[in-house]
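A.B. asks: Each chain is listed here by its residues.
Protein chains: 2
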Amino acid sequence: MLLVGHGSKLPYNKELIEATAEFIAEKASEYIVKPGFMSINTPSVEDQLDAFRAEDIDMLVVVPLFLARGIHIDKDIPKLLGLPERGKKGTFKTNGKEIPLVYADPIGSDPLLAELMLKNAADAIAELDH
Amino acid sequence: MLLVGHGSKLPYNKELIEATAEFIAEKASEYIVKPGFMSINTPSVEDQLDAFRAEDIDMLVVVPLFLARGIHIDKDIPKLLGLPERGKKGTFKTNGKEIPLVYADPIGSDPLLAELMLKNAADAIAELDH
Chain R
1 MLLVGHGSKL
11 PYNKELIEAT
21 AEFIAEKASE
31 YIVKPGFMSI
41 NTPSVEDQLD
51 AFRAEDIDML
61 VVVPLFLARG
71 IHIDKDIPKL
81 LGLPERGKKG
91 TFKTNGKEIP
101 LVYADPIGSD
111 PLLAELMLKN
121 AADAIAELDH
Chain X
1 MLLVGHGSKL
11 PYNKELIEAT
21 AEFIAEKASE
31 YIVKPGFMSI
41 NTPSVEDQLD
51 AFRAEDIDML
61 VVVPLFLARG
71 IHIDKDIPKL
81 LGLPERGKKG
91 TFKTNGKEIP
101 LVYADPIGSD
111 PLLAELMLKN
121 AADAIAELDH
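Going down the list, the protein sequences come from chains R and X. Take the first sequence: its position 79, counting from 1, is numbered 79 in this note's numbering, and each next residue is one higher. Take the second sequence: its position 83, counting from 1, is numbered 83 in this note's numbering, and each next residue is one higher.
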């Protein structure tokens, strides 16, 4: 899994993407997880695509850690992956073989996201007593 | 709960914030949930603060639907809430009474976020068979 982050001059986006990549790797041992950034931070998406070419994998899943669709999601990332604009499936050449490439959606509206917001609200309220 | 979104010229950020506000309201009937935007989209954060002044509430919880900390989170939103830079707790004047105001963290690194990424990956892989 290539976990794609936006990148930022401030350290927080990079920290978020890297910590989430670690959580995913701990939870799902079937994945090799590498974080890659669209801009400013390294490694870049291109660097990590190269790194995946040296791995013995059966499929490449690209997951953008973005809140919602936009130019990066619809246009820039597909271009880096060799997909047409808004394309979701393609192939990836690695170690002389060709494997499936799939491009997942960004976060989007999801009950899990609502749960996360409720958790952050509850944590903030709990801090009132401190 | 005031759910704060970034706002965008494209429709996707607004759709995400509004859909998430609805999910939260369905899940947690103890909250009146209003979405407000930092820029471009309406209603603005200020509009919704005014709207909350007309509600019979005991506390105002402000939850930013942002991935990570940054200028909006540390500086701009606290200013709108009458909090010092990086402040998390204050008071809110409504209907002649003064109630606690708490300002929650953005999404940040959380196991739930990792789960959401795994779900999006699984959904994309399932699409391969279609």
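By construction, these hints were calculated from the structure, which means they are not laboratory data. One thing to keep in mind: the hints can contain errors.
Identical copies carry no separate label here, and so any pair may be met within one copy or between two of them.
As the list claims (entries may be wrong) - Computed cross-link-like contacts, PhoX-like style, restricted to lysine-lysine with a CA-CA straight-line distance of at most 20 Å:
#, residue 1, residue 2
1, Lys119, Lys88
2, Lys27, Lys89
3, Lys9, Lys75
4, Lys93, Lys34
5, Lys79, Lys34
6, Lys97, Lys27
7, Lys9, Lys119
8, Lys119, Lys79
9, Lys27, Lys9
10, Lys14, Lys88
11, Lys88, Lys27
12, Lys75, Lys88
13, Lys93, Lys119
14, Lys14, Lys89
15, Lys79, Lys93
16, Lys14, Lys34
17, Lys75, Lys97
18, Lys89, Lys79
19, Lys27, Lys79
A.B. asks: Sort out which numbered hints this structure fails and list those numbers smallest first.
C.D. replies: Violated hints: 2, 6, 7, 8, 9, 10, 11, 13, 14, 17 and 19; rest satisfied.
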